[in-house]
Amino acid sequence: MSSLCSSNTTEIMFILTGIPGLEAAHIWLSIPFSSIYLVSLVGNCTILLIIKTDPSLHEPMYYFLSMLALTDMGLSLSTMPTVLRIFWLNSREISFDACFAQLYFVHTFSFMESTVLLAMAFDRYVAICKPLRYASILNSARIAKIGVAIPCRCIVAVMPSLFLLRRLPFCRSRVLSHSYCLHQDMLRLVCADTTFNSRYSLVVVIVIIVLDPLLIVVSYIMIIKTVVGIASPEERLKAFNNCLSHIFAVLVLYIPMVSLSLVHRFGKHTSPLVHVLMANIYLLVPPVLNPIIYSIKTKQIRRGVLRLLGQRMTYSD
27 MSSLCSSNTT EIMFILTGIP GLEAAHIWLS IPFSSIYLVS LVGNCTILLI
77 IKTDPSLHEP MYYFLSMLAL TDMGLSLSTM PTVLRIFWLN SREISFDACF
127 AQLYFVHTFS FMESTVLLAM AFDRYVAICK PLRYASILNS ARIAKIGVAI
177 PCRCIVAVMP SLFLLRRLPF CRSRVLSHSY CLHQDMLRLV CADTTFNSRY
227 SLVVVIVIIV LDPLLIVVSY IMIIKTVVGI ASPEERLKAF NNCLSHIFAV
277 LVLYIPMVSL SLVHRFGKHT SPLVHVLMAN IYLLVPPVLN PIIYSIKTKQ
327 IRRGVLRLLG QRMTYSD
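Counting along the sequence shown from 1, when you hit position 132 you're at 158 in this note's numbering, and nothing is skipped either side.
Hints are not guaranteed to be accurate.
Ranges of calculated distance between the beta carbons of each label pair, as one might list FRET restraints [as the list claims (entries may be wrong)]: (1) His295 / Gly255: 31 to 39 Å; (2) Leu299 / Arg168: 45 to 53 Å; (3) Thr79 / Val289: 38 to 46 Å; (4) Ala170 / Val236: 21 to 29 Å; (5) Val254 / Val216: 47 to 55 Å; (6) Ser199 / Val289: 18 to 26 Å; (7) Ile247 / Ile307: 24 to 32 Å; (8) Leu115 / Ser224: 30 to 38 Å; (9) Val243 / Ala50: 40 to 48 Å.
Cut-off 20 Å, straight-line C-alpha distance, at most; resulting in silico cross-link-like pairs (EDC-like, lysine to aspartate or glutamate) [said to hold, decoys possible]: (10) Lys325 / Glu49; (11) Lys156 / Glu85; (12) Lys251 / Glu261; (13) Lys156 / Glu260; (14) Lys264 / Glu85; (15) Lys323 / Glu85; (16) Lys171 / Glu85; (17) Lys325 / Asp219; (18) Lys323 / Asp80; (19) Lys156 / Asp80; (20) Lys251 / Asp211; (21) Lys78 / Asp123.
Worth flagging that the hints you see were computed from the coordinates, not collected in a lab.
Glycine included, each C-beta is placed from N, C-alpha and C at the ideal position.
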């Protein structure tokens with residue numbers, strides 16, 4: 027066994043994989059992937075700029091939206107270097123330390139996305155179910171505490187699994203299944219007992235990936251009960267419209283996440299192309315769609331986008 031394992035992990039080089047069967051088309055595939063990253067970064071930067079420059083948007087809902095935009099940018103920047111390097115340069119090697127750094131950021135920002143959406147669900151619950159206490163419950167101090175707690179929760183969840191994985195020996199096979207480093211993908215290359223790592227990862231998934239959407243569903247059940255009790259149809263419609271953007275953002279994150287989990291659990295004999303495409307959809311689509319959703323469905327953000335476009339057109343004239 028010792029001959030098959032590496033004792034000096036810092037010298038390990040992993041091999042990343044593009045899209046299986048489409049290696050000859052990587053240069054053409056780089057166009058849509060580059061466009062996805064560009065739209066994601068520009069869209070989320072625009073959201074942040076609008077919220078920063080408009081004092082009327084300095085409210086809890088938009089502070090949480092800023093956190094979501096920052097998380098989406100972090101998620102895009104975590105995968106972008108290796109993905110574009112594969113498609114542009116066909117450079118697939120990544121060092122041990124670089125792979126672990128990418129793994130850390132990918133999983134941390136992925137968990138942060140879920141946690142921010144949970145915080146936004148709490149914001150919508152307070153705004154609709156306790157409107158008279160909204161300002162006192164979600165005051166500046168409490169929002170700041172939530173803003174600190176979100177990354178701390180995800181960092182604490184991710185760090186132990188990375189520390190445990192880093193101490194394990196890796197076998198000669200260093201080929202990863204995706205264009206970026208993921209925990210489960212690296213774990214299958216370990217030539218040692220990984221039972222504890224797998225169980226810890228399962229606990230993290232239950233605490234974050236299962237608990238968060240469950241709490242979001244509970245918050246919306248309470249919101250629906252409150253909205254149904256409102257007498258005016260116009261007020262009911264307004265209340266539901268205030269939640270629509272968040273509902274779409276939740277679906278954009280959790281539908282690909284659940285689909286990917288089902289593919290990994292029940293589709294082990296399916297084509298590797300299916301696994302790769304689902305993983306790319308899970309990590310690349312939410313950062314692109316979230317700013318589009320909020321720009322279309324949120325009147326204040328839409329107005330800010332039009333204002334920025336108007337200023338740009340004025341400067342160009």
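Hints, verified against the model:
The hint said 31 to 39 Å for the Cβ distance between His295 and Gly255, and at roughly 50 Å that hint is violated. In this structure the hint that Leu299 and Arg168 lie 45 to 53 Å apart at CB holds, the actual value being about 46 Å. One distance hint, 38 to 46 Å for the beta-carbon pair Thr79 and Val289, holds here, with the actual separation near 42 Å. Under the hint 21 to 29 Å, the C-beta atoms of Ala170 and Val236, about 28 Å apart, fit the expected range.
The hinted window of 47 to 55 Å between Val254 and Val216 holds, with their beta carbons roughly 52 Å apart. Checked against the given bound of 18 to 26 Å, the beta carbons of Ser199 and Val289, roughly 22 Å apart, stay inside it. Range check, Ile247 to Ile307: Cβ separation about 28 Å, and the 24 to 32 Å hint holds. One distance hint, 30 to 38 Å for the beta-carbon pair Leu115 and Ser224, holds here, with the actual separation near 34 Å.
Checked against the given bound of 40 to 48 Å, the beta carbons of Val243 and Ala50, roughly 45 Å apart, stay inside it. Using a Cα cut-off of 20 Å, the hinted pair Lys325 and Glu49 is violated, with the two alpha carbons roughly 43 Å apart. At roughly 16 Å between alpha-carbon atoms, Lys156 and Glu85 fall within 20 Å of each other, so this suggested pair holds. At most 20 Å may separate the alpha-carbon atoms for a hinted pair to count; Lys251 and Glu261 meet this at roughly 14 Å.
Under the criterion of a C-alpha separation no larger than 20 Å, the hint pairing Lys156 with Glu260 is consistent with the structure, at around 19 Å. A C-alpha spacing of about 18 Å is found between Lys264 and Glu85, which places the hinted pair at or below 20 Å, so the restraint holds. Restraint check: the Cα-Cα separation between Lys323 and Glu85 comes to about 17 Å, which is no more than 20 Å; the hinted pair holds. For the hint pairing Lys171 with Glu85, the CA-to-CA distance comes to about 15 Å; that is within 20 Å, so the pair holds.
Distance hint between Lys325 and Asp219 is unfulfilled; the C-alpha atoms sit about 53 Å from each other, more than 20 Å. Distance check on the hinted pair: Lys323 and Asp80 sit about 18 Å apart at the alpha-carbon level, within 20 Å; holds. Proposed proximity of Lys156 and Asp80 is contradicted: the alpha carbons are some 26 Å apart, above 20 Å. Straight-line distance between C-alpha atoms of Lys251 and Asp211 comes to about 43 Å, which puts the hinted pair past the 20 Å bound.
Distance restraint check for Lys78 and Asp123: the Cα-Cα separation of roughly 36 Å exceeds the 20 Å cut-off, and the hinted pair is therefore not satisfied.
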